[in-house]
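Trainee: Residue strings, one per chain:
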Amino acid sequence: GQNIDQPTEMTATEGAIVQINCTYQTSGFNGLFWYQQHAGEAPTFLSYNVLDGLEEKGRFSSFLSRSKGYSYLLLKELQMKDSASYLCAVKGSFNDYKLSFGAGTTVTVRA
Amino acid sequence: ETGVTQTPRHLVMGMTNKKSLKCEQHLGHNAMYWYKQSAKKPLELMFVYNFKEQTENNSVPSRFSPECPNSSHLFLHLHTLQPEDSALYLCASSQDQNSNQPQHFGDGTRLSIL
Numbered sequence: 003g004q005n006i007d008q009p010t011e012m013t014a015t016e017g018a019i020v021q022i023n024c025t026y027q028t029s030g031f032n033g034l035f036w037y038q039q040h041a042g043e044a045p046t047f048l049s050y051n052v053l054d055g056l057e058e059k060g061r062f063s064s065f066l067s068r069s070k071g072y073s074y075l076l077l078k079e080l081q082m083k084d085s086a087s088y089l090c091a092v093k094g095s096f097n098d099y100k101l102s103f104g105a106g107t108t109v110t111v112r113a
Numbered sequence: 003e004t005g006v007t008q009t010p011r012h013l014v015m016g017m018t019n020k021k022s023l024k025c026e027q028h029l030g031h032n033a034m035y036w037y038k039q040s041a042k043k044p045l046e047l048m049f050v051y052n053f054k055e056q057t058e059n060n061s062v063p064s065r066f067s068p069e070c071p072n073s074s075h076l077f078l079h080l081h082t083l084q085p086e087d088s089a090l091y092l093c094a095s096s097q098d099q100n101s102n103q104p105q106h107f108g109d110g111t112r113l114s115i116l
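Respectively, the protein sequence lines represent chains G and E. The numbering used here applies: residue 3 is where the first sequence begins, and numbers increase by one. The numbering used here applies: residue 3 is where the second sequence begins, and numbers increase by one.
Careful: at least some of the hints might be erroneous.
What the hints assert, rightly or not - Once the Cα atoms are required to be at most 30 angstroms apart in a straight line, the calculated DSSO-like pairs of lysine-lysine come out as:
| hint | chain 1 | residue 1 | chain 2 | residue 2 |
| --- | --- | --- | --- | --- |
| 1 | E | Lys-20 | G | Lys-59 |
| 2 | G | Lys-78 | G | Lys-59 |
| 3 | E | Lys-42 | G | Lys-70 |
What the hints contain is simulated information worked out from the structure, not anything from laboratory work.
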């Protein structure tokens with residue numbers, strides 16, 4: 003089966019940095035996605051990693067280590083609007099198109 | 003983003019009612035998905051359609067019945083639901099089911115079963 007773990011909640015101060023970790027144990031690996039979901043809204047795509055290393059997109063960066071089954075999403079210069087749930091999702095082997103999601107990490111940004 | 007639109011946004015129904023959820027995507031995608039999202043739990047995949055053909059039924063009870071008349075529209079027909087079916091139901095679409103392009107989600111239908 004697929005097992006995706008991420009912390010339930012994190013709190014940080016406006017302007018700070020927060021790192022959300024995601025560990026996974028899956029049968030096969032064909033990429034890892036991060037989504038952001040504000041309360042009552044659709045999950046929106048943030049990043050995709052399939053090779054090891056760091057992908058940077060403005061204030062958000064995502065890292066992947068396939069050998070360790072580990073990823074993190076780094077949020078820099080936190081803003082109040084970054085308060086949301088962050089979902090880690092793993093795609094299995096090429097022939098297994100389904101995404102396996104973690105339960106999400108709720109990030110609260112305080113002034 | 004208005005790429006994937008779901009209606010209604012909220013639905014309250016009794017256990018004996020019949021209702022339908024609607025999803026429409028304007029992205030030219032060929033795969034569409036239904037997910038169930040319950041509080042503090044991972045998204046659960048329910049059904050997948052790829053080029054209008056159902057390719058996945060993730061052991062979903064028969065009280066949930068999907069319909070995909072074309073690649074742009076997806077329905078979820080509901081009847082004789084149980085209180086534990088109360089959840090957020092999310093629709094998503096992607097280029098096709100095997101693509102590594104991200105899935106695009108709608109805002110969901112918040113379903114409450116009385």
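Trainee: Against each hint, give a clear statement of whether it holds in the structure.
Mentor: Verification of the supplied hints:
Among the hinted pairs, Lys-20(E) with Lys-59(G) is inconsistent with the structure: their alpha-carbon atoms are about 45 angstroms apart, more than 30 angstroms. A C-alpha spacing of about 11 angstroms is found between Lys-78(G) and Lys-59(G), which places the hinted pair at or below 30 angstroms, so the restraint holds. For the suggested pair Lys-42(E) and Lys-70(G), the alpha carbons sit about 25 angstroms apart, so the restraint of at most 30 angstroms is met.
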